[in-house]
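So the sequences go chain by chain: U and L. Yeah, the first sequence ends on 823 if you go by the working numbering, and it's all consecutive. Yeah, the second sequence ends on 823 if you go by the working numbering, and it's all consecutive.
Think of the hints as simulated: they come from the structure by calculation, not from any bench. One thing to keep in mind: the hints can contain errors.
Said to hold, decoys possible - With a straight-line cut-off of 25 Å between C-alpha atoms, the simulated DSS-like cross-links for lysine-lysine are:
hint, chain 1, residue 1, chain 2, residue 2
1, U, 277, L, 38
2, U, 302, U, 321
3, L, 219, L, 96
4, U, 277, U, 111
5, U, 567, L, 567
6, L, 567, U, 621
7, L, 277, U, 38
8, L, 219, U, 38
9, U, 567, L, 621
10, L, 621, U, 621
11, U, 277, U, 96
12, U, 219, L, 38
Said to hold, decoys possible - One side of the interface only, derived from the structure: several residues of chain U facing chain L at Cβ under 10 Å:
hint, residue
13, 35
14, 230
15, 245
16, 483
17, 488
18, 497
19, 538
Beta carbons: idealized from backbone N, C-alpha and C, even for Gly.
2 protein chains.
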Amino acid sequence: MMPRPPATGDQLPALADGEGTSVVGHNVPRVDAIEKVTGTAQYVADVRLPGMLEGRILRSPYPHARIRSVDTSRAERLPGVIAVVTGEDTPKRKWGSFQKDQYPLAVDKVRYVGDEVAAVAAIDEATAEEALSLIDVDYELLPAVFDPEEAMRPNAPLIHDDKPGNLALHFVVVRGDPDAKLLASDLVLEDTFETRIQWHAAMETIGSLAQFSPSGKLTVYMNTATIFMARTRIAWALDLNMSDVRVIQTAVGGAFGGKSCDDNNAMICSLLAMKAGRPVRIINSREDEFLSTRPRPAMKLWVRMGFMNDGTITAKDLKVIADNGAYSAKGAAVAGVTALRHDTMYLYKDVRSELYVVHTNKIGTGAFRGFGNPEAAFAIDQMIDMAAERLGLDPVEMTLKNTIGPNHTSIHGNRVLSCELKECVRQAADMVGWGEHQALCHSERSEESVTGTDASPEARHDKKGIGLASSVHVSGKRHFGDYDGSSMVVNVNLDGKVHIWSGEGETGPGANTVLAQIAAEELGVPFADVSVSVADTDTTTYAQGSYASRSAYIAGNAVRDAAQKVRAEILELAAGMLEALPEDLAIEEGVISVKGNPAGKTVTVGDVAMSALYRRGGKPISALGIWDPPSEVQDEHRYGNESGSYNFCSHAVELAVDPQTGQFKLLNYVAASDAGTVIFPMGAEGQNEGGAAQGLGYAFTEEMHFDDGRPLGPNFGDYKLPCIADMPPFRQVFVPSYEPTGPLGAKGIGEIGLDPTAPAIANAIYDAVGVRIKTLPITPEKVLWALQEKERTGHDGSARIVTREQLLADRRPGPTSGGSH
Amino acid sequence: MMPRPPATGDQLPALADGEGTSVVGHNVPRVDAIEKVTGTAQYVADVRLPGMLEGRILRSPYPHARIRSVDTSRAERLPGVIAVVTGEDTPKRKWGSFQKDQYPLAVDKVRYVGDEVAAVAAIDEATAEEALSLIDVDYELLPAVFDPEEAMRPNAPLIHDDKPGNLALHFVVVRGDPDAKLLASDLVLEDTFETRIQWHAAMETIGSLAQFSPSGKLTVYMNTATIFMARTRIAWALDLNMSDVRVIQTAVGGAFGGKSCDDNNAMICSLLAMKAGRPVRIINSREDEFLSTRPRPAMKLWVRMGFMNDGTITAKDLKVIADNGAYSAKGAAVAGVTALRHDTMYLYKDVRSELYVVHTNKIGTGAFRGFGNPEAAFAIDQMIDMAAERLGLDPVEMTLKNTIGPNHTSIHGNRVLSCELKECVRQAADMVGWGEHQALCHSERSEESVTGTDASPEARHDKKGIGLASSVHVSGKRHFGDYDGSSMVVNVNLDGKVHIWSGEGETGPGANTVLAQIAAEELGVPFADVSVSVADTDTTTYAQGSYASRSAYIAGNAVRDAAQKVRAEILELAAGMLEALPEDLAIEEGVISVKGNPAGKTVTVGDVAMSALYRRGGKPISALGIWDPPSEVQDEHRYGNESGSYNFCSHAVELAVDPQTGQFKLLNYVAASDAGTVIFPMGAEGQNEGGAAQGLGYAFTEEMHFDDGRPLGPNFGDYKLPCIADMPPFRQVFVPSYEPTGPLGAKGIGEIGLDPTAPAIANAIYDAVGVRIKTLPITPEKVLWALQEKERTGHDGSARIVTREQLLADRRPGPTSGGSH
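Isolated chain U (complex conformation):
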């Protein structure tokens, strides 16, 4: 979506270990490029099955109500209606990725405006829509609650009977003795931050096309990022055997965490197909998408941090209240990351993190690129900026003092091997012109503080500021069943072309291109000779899919394992044909020769494959590759190395603020990333550009207002996404880094690009006009109000200093070695 700045690729530094690679580290045409640019890629809406029906969903207009009855008889009588389903047609099994708390269709109660109540399959969409209007639902309205803090109060309406206090998750993790460390600090600051719900807003909405055969096999074409998880969930929710569910991934027009099958689209589509006996598809309208997917949860973060005068962070006390919405999806896991993950990048050892994930009568929440990290960064990286201000230190220097280096184990047990975070900070600062700007601005600001606001027309449009923020992200996260691995099969076809059977899937970022590059590199065949299968639970081996920035790192290692086994087979067979030892052979561009004898006899990989078929009784040159990262499921104290590797970045922005209006304009955006070896530069760059763009939306435009639980403006007219005109000039570098556990040194890059955007902007706003915006989104109105407030009261919104007395009063007993609810 973002045009690639032409110079970026050239600026890419040499790969740490990529010298001598012929495919990895080079830009290649994506394996799906031609289909996508010619419009022939098959998205779910492009798939047609004979007799296919259109499905539409009836949603609750109330945030909380008991369903007294659903009468579908009028809808069923409408000509062209083939099937109508309600909660009564489901096995009434609750399902969910982390907590089983939602039905495919509402049973007894609806819990938010948008909750699915019934669905219709008809010969066309208009008929299906008309049928929805003929379904009579008798609701008994219940009191509703929309604010998580209110929802936790004793007399709040209870949304799930089995969740007292509307708590989906609560834990307190304590490492070391944060209270003591805070007491011993030179400076303790405290502040509260708020982040908002954010929808994925992928160009393509969620959709499914389901077909049910009389023999009991359900086939679902889905634009999901995680086909095997979708299979597990559909099978569970509909009480089918897992083997009787086949999920086939179509082309995916953007996922961003929203297409992880956490919503009911596929379940309802499948129910309709089973009842209709004909294929049914449900493609979300944009309104459906806002009313039914599982967006990023809104959070309130209270944080208290201690510092020494030299800038060392001593301790942190964090309380997060996350608005889980009506259903959990992955919202609780997201908030868990907010509470803990950011600590992985800092050296301090004493923290308390308390998390409340609370049900309200709003849409259920889930995974969104960044997965809790942007929320933490928004709070912590502003806290550090504010502390630097108080301590008279340079925020970059202060960041460098506290950030980790390689071979570090975090207080929560995350074992970081490769880490060039400090270099990221330095390079981002350099690229944005940190030194010069800070020097200039500081002198300007001191002047202002004496003379008041400079109202000269030039100055009005020239309040420039820069801000920097950093982040850490996992490359895969061990959640499910103590397994975070990948498996895939690499096969050499009889003409020497290589095919990868992968169930990991492609959601857009180029993951399949990365797999093809690794296979081509390991095998010594041309990149163009490698193809990657469609992800299909019936034809590919088990794979977790695309989430947690895991594809390049984990699937990359699996494909490498397979390719290395295949290479060994090829060389063994070629050795017989060339009368040489396997170890004396080289494969280059698909041609095998004896090393050091380029003029000698050669055979192609195709020759080997064809002869292998006949010489080995039909055994194909094919190998299964597997890889499970050296990570662990966190223990009951949320301690443990949740990922095999960690990626890092530092982003800096330059902006100009008009203090008369609060309007601001981004002038420059720079990013420095540590993603280990960059396998597919154009893809990695695109991830950061897209991440930044999405981060900008999160930071200053995307907001949904609710009226009594009803979302106002669930459409792109009201929910404002940044467009290309909002994108500032963007430059980025990848710092040289090599992850020892990664495939050819690589680690993840998919999500981190939006993690530090919002705090970098907030820090830059402060740098420009001296006010703190701590509630997302950062709008011109908020900037203007803050400037007016500052003028009126002298308060610039910065964190307040916590006194020793207050610290002693707040000192809490309780677990010192961790604990969770």
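Here the structure of chain U is known, so what remains is to put chain L in place on it, guided by the hints.
Then chain L, alone, in the frame of chain U:
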């Protein structure tokens, strides 16, 4: 198609080695049963792709003509026409399964009425048909030849420039010294037999649906029996990389050898899709099917055989002239089998076989169930019957004297291990009531020979006769690249269900059911828990496909290999969970327990699969099975063991002939087969019933007349198939047999069921009314004419006796150890 006689299954003898099997040897619901009976199986005509066009083909109306020009401009201008292709759109590469002699679309010449000249893809069939009428082809007519013997003459029109004498194949194979053995015989008989072209006449015609992506990938949905061979041929003919062609098998409505991708349907369909840039399908009309597929070739067989007075066959001299038609397809290979294979079942050591496969300006010929064996049986088994008559022996006794037993190597090098042919002969004779009937008829006939025709009304309708014939068939045949193996992957899903990824495919007989049975048996899981993939060149490992009666035997061994590996994996993993040794465990109905401790702890295969995923880093319980039979490619003298095992049968019929009209009525049909262990009794029975029905069509109804090369009546109104009313009562047994190289003792059964039908009927006709019909089909007219001729001349049509003088005169020099052209 044939209703199963209810008693047959019960009559099935106990399996030789099947005691204790729980799935193999038992009737199970076919894996595709529900889809087929509910009409939801996806045949090629059921597959729809968005934007799909209908393709139709323009065929030559002339048997032999030069194409001066093809003007497609008027057709291209017709609204709704998207693409028109001619030979100019092809890479002009000749292709063919054994001989590369055909273009996808005619280049320069047409060689038979039906030859493909151009094709159109249009928005609907009517438009495509109309467009065909707008294509102007300027032909220069050439002299044509339709009779193979004429075609071999020096001045005959040359059909292929590179085939002098219109010879596609000629060989002479001599083993031992047949001339000397004939001279030393007590009786030498000589006769000539003619067989006819036979179309497969599958209920479903051949069809393809092709889609070409802008990235160069061609996907073809085809009702082919051999997806990987189709891929190879399409790639060759269209000059594509093999990997850029994906062939997906749809449900197949009968193949019988005709759906082996020997015809141009898929190539033309693909060309249209490539040119149109949209999916195109071509489903043959019934007329297309008669004009373009590759039927069984017509043959003329001259045979001379020597016998001793005790019935021992001494030697055989055979000359076969096969009408190859315009293109070879597999016709030449079929005729090669006619020339040699039948010898595998007899003990004689001295034979000469000479074969001429000759091009004519008729439709090219190819594989048909039986693959040359029915033609040989039609000649040889009548010769034996006639010799028995001359020698005053019982034909059954004479057959038993000459047929082989187990552990026999034939004169052509075929190594037979299991062989219960003699028992088949005995049981078929018993079942048809041989002894009683022969005794009765002989007395009747002696009476007749004295009294002349008994014209009493009762007798007229009561000339009963019985006849018996036997056959041998391969179970797989080693042709292609010295490989006749199979490979497939067996995978245990996370819920313990078993999936077989097989590219062998299913054409109707139940091959996939057999694979599922073998896997279930080996793994100890319920049959219902096993599923089999669609055959798809992109998602299954290399497999030769369904032909040469190979599936149960070869694919069966491959799936068994895979299943055994998977079983070992399961037991290894279960051993850890049950704290026992793998060898102490049993798997029954998917539950693993310690042997001898049924009340102890158990785990299910599903438990093991789920835990394996997590305990082994994601390595699925999955194994590749391969198996290549112990056969060899025949040498230049056509010597060698072409198949890993051989199956046998003996069929007998009882019929009544009305000597006043020649009308006959089949009263009983019995079959005794040696197929080794019968894995899927209902399927094997169905194969024999269907084979017999198809054999009846070959024997007495199916015939196409040609007028100057133009087939008269290419439709089911004129080309008469036997229908259910023509099917006599049918009984069959499988004699106990165990093939040591087969999966659980099994070997092939798919084709042999029609091999001996025609000679059994011919022998029965003779037995009933004393005339020999040696030209297929055996019609009432021919019987009546033969009776009239016999009455007029005294000749009953039986083979003439060859005198010693004639033998001395005919004595030929030449190769005595074999030789081929």
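Each hint tested on the structure:
1. U:277 to L:38: The given pair, whose Cα atoms are some 20 Å apart, holds under the 25 Å limit.
2. U:302 to U:321: The hint holds at about 8 Å.
3. L:219 to L:96: Roughly 22 Å between the alpha carbons, so the hint for residue 219 (chain L) and residue 96 (chain L) holds.
4. U:277 to U:111: holds (23 Å)
5. U:567 to L:567: holds (19 Å)
6. L:567 to U:621: The given pair, whose Cα atoms are some 14 Å apart, holds under the 25 Å limit.
7. L:277 to U:38: holds (20 Å)
8. L:219 to U:38: holds (14 Å)
9. U:567 to L:621: Given pair residue 567 (chain U), residue 621 (chain L) holds - Cα atoms ~14 Å apart, limit 25 Å.
10. L:621 to U:621: holds (20 Å)
11. U:277 to U:96: With Cα atoms ~20 Å apart, residue 277 (chain U) and residue 96 (chain U) stay inside 25 Å; holds.
12. U:219 to L:38: holds (14 Å)
13. 35: For residue 35 (chain U), the interface hint holds, since the closest Cβ of chain L sits about 8 Å away, which is under 10 Å.
14. 230: holds (8 Å)
15. 245: Nearest chain L Cβ about 3 Å off; hint holds.
16. 483: Residue 483 (chain U) check passes; min Cβ-Cβ to chain L is 5 Å, inside 10 Å.
17. 488: Hint holds; residue 488 (chain U) Cβ to chain L Cβ min 6 Å, cut 10 Å.
18. 497: Hint holds; residue 497 (chain U) Cβ to chain L Cβ min 4 Å, cut 10 Å.
19. 538: holds (7 Å)
Checked against the numbered hints above, the structure breaks none of them.
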